[in-house]
Amino acid sequence: MGILEVNNITIKFGGVTALNSFQMDLTKGEIFALIGPNGAGKTTVFNIISGVYKPTKGKILFNERDITGMKPDRVTSLGIARTFQNIRLFKDLSVLDNVLIGNHVHIKSNFLEATFRMLKYNKEEKAMRNKSIYLLERMGLAQYKNEKASSLPYGKQRKLEIARALATDPELLLLDEPAAGMNQKESDDLARFIKELRDEFNLSIFMIEHHMQVVMGISKHIFVLDYGILIAQGGPREIQNDQKVIEAYLGVESDA
Amino acid sequence: MKKNRIVSLTIISILLVIVLLILANNILNPFYLRTLALCAVYTIVGLSLNLVIGFTGLFSLGQAGFMAIGAYTTSLLTMSLAAKQANFFVAPLISPLNKIVWPFFPALIAGGLLAAFAAFLIGTPALRLNGDYLAISTLGFSEIIRIVLTNIQRLTNGALGLIEIPTTANVWWTFGAMGVTLVILQLLINSSYGRALKAIREDEKAAEAMGINLYKHKILSFCISAFFAGIGGGLLASLLGSIDPLQFRFLLTFNILLIVVLGGMGSLTGTVLSAFAVTIGTEALRFLDGPIIPNVPALPGLRMVVFAALLMISILLFRSGIMGTKEFNWDGLLGFLKRKPLSKRGE
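First to last, the protein sequences are chains H and V.
My numbering puts the first residue of the first sequence at 1149, with every later residue one more than the last.
My numbering puts the first residue of the second sequence at 2, with every later residue one more than the last.
It is possible that part of the hints are untrue.
[Said to hold, decoys possible] Dumping the calculated DSSO-like pairs for lysine-lysine here, alpha-carbon to alpha-carbon at most 30 Å: (1) Lys1256(H) <-> Lys1279(H); (2) Lys1219(H) <-> Lys1256(H); (3) Lys1274(H) <-> Lys206(V); (4) Lys217(V) <-> Lys1239(H); (5) Lys1256(H) <-> Lys1271(H); (6) Lys217(V) <-> Lys1274(H); (7) Lys3(V) <-> Lys1279(H); (8) Lys1296(H) <-> Lys3(V).
Read the hints as simulated data drawn from the structure, not as lab findings.
Because the structure is a prediction, the values reported are computed rather than measured.
Construct all of the structure, not just a fragment, from the sequences and the given hints.
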């Protein structure tokens, strides 16, 4: 069953076509990857899905609902959460607060009920706290909950970003280079962890990643972008042997 | 530390403040007493600005305008019919204001609500801007409010201002309002909505990606801030007994900004400390405006130079102000008091 349908998306920034007639279908409960050389337009795809950019042409359907051009907060409230390539935590706030903020999107109490700590709000706050603590435990971050987010080491900051995204109760999780800056062992652990998360939280996952081991190891289906054009898609095996993909990454042999 | 101890310490200190206020009420002369009440008023307005600048990260400079709305609303609602008659000799006051006299408390709340409504109207376009542009546009709107007040003779008595405003406000009203403001803002900031505001301050893009509707939360913060600024304005009018549009120039916003920056952007208790320091300092340094050295002509306005210099030093050298983003708490204070001198440590 489809969860996200990207139909013929084109986006132009001035004279530059960052993405040209990009087409993609994601099914529920699977892990998908988007790869491509630097500047291929991968993060642009994320930014369009999450509502940061409005495409020049084309449509995006999430659970058969048109979300083209919706604001990022609306998209998140419908169930698409994301992380950022260059970590964007709320640096000066505590680790726990970062995750609690992810819960805010589904709050039912209004600000007066919250300020005056009405019963309804107290219940919600308690549930939010429990869920956040659980997520932190799940990420192995519970012991840092009162520390400033910026004081965490790099790898843990990435995990905190994932915890924060999960706090919004997503159906589809977009991970922008989750293994960036990790060594072999760390990225192997991460790959396993991503799979576990998918199973536990019933997620569909769509990630941009450069670590080929991670990509090939856990994705069901891979999309390859080059200069804003989808040049290949398919299972890990197919992609590894695709001539166009090899050319995009390694260049074409010149006859001259 | 145990919760019981914190509660009892807090109750003791509140009682102490009340006792001190009773003493002050009996001992101090009216001038000192009014300065003390002014401290509380500036604390309220400082707290309101800190909500927007320090907690939401919106650089807004419209506080004087919102205070003016609160001040005029409260005054016009509470003035006696005779006072209104005496004030509006150029052009009569419009109906129904010329027939009604409200008690102080509802008038004060009405002033706050009207200021919040004005903030809603101003914020809808202005909060689409960021950084310096937001500062300039809110400053502009604040001046527009002042100029409108100067020109609607039949509502505000124009440039003549209003006199004979009932002086209901005293240290009890001002300190009471200050306490309520402090508690409400503290509760708001530590709620889920407060966390969302702080998220916007930290990183707007990330906050939006976490599902926080930027416009809704910014306007919420802006309107609550204006509400308390309006309350502060109403208290100020009642404390002084007379107001005119010139009181609500940019200089007033500057003073409040000074309080927020010195106290620490993002610290409520820091604002309380610096509001008292700045307000008492403004009065204590009055001698600088007069002739200081014999045979040298006086330089009126010299004391404001001191504050301008203070603001510059603060921004250049200790940007986090007195408290930074930390809040006062008993653990911190007791820990500080119990700290042994360096030479005695390790014994």
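Against the structure, the hints:
no.	hint	verdict
1	Lys1256(H) <-> Lys1279(H)	holds, 16 Å
2	Lys1219(H) <-> Lys1256(H)	holds, 20 Å
3	Lys1274(H) <-> Lys206(V)	holds, 27 Å
4	Lys217(V) <-> Lys1239(H)	holds, 23 Å
5	Lys1256(H) <-> Lys1271(H)	holds, 11 Å
6	Lys217(V) <-> Lys1274(H)	holds, 24 Å
7	Lys3(V) <-> Lys1279(H)	holds, 26 Å
8	Lys1296(H) <-> Lys3(V)	holds, 24 Å
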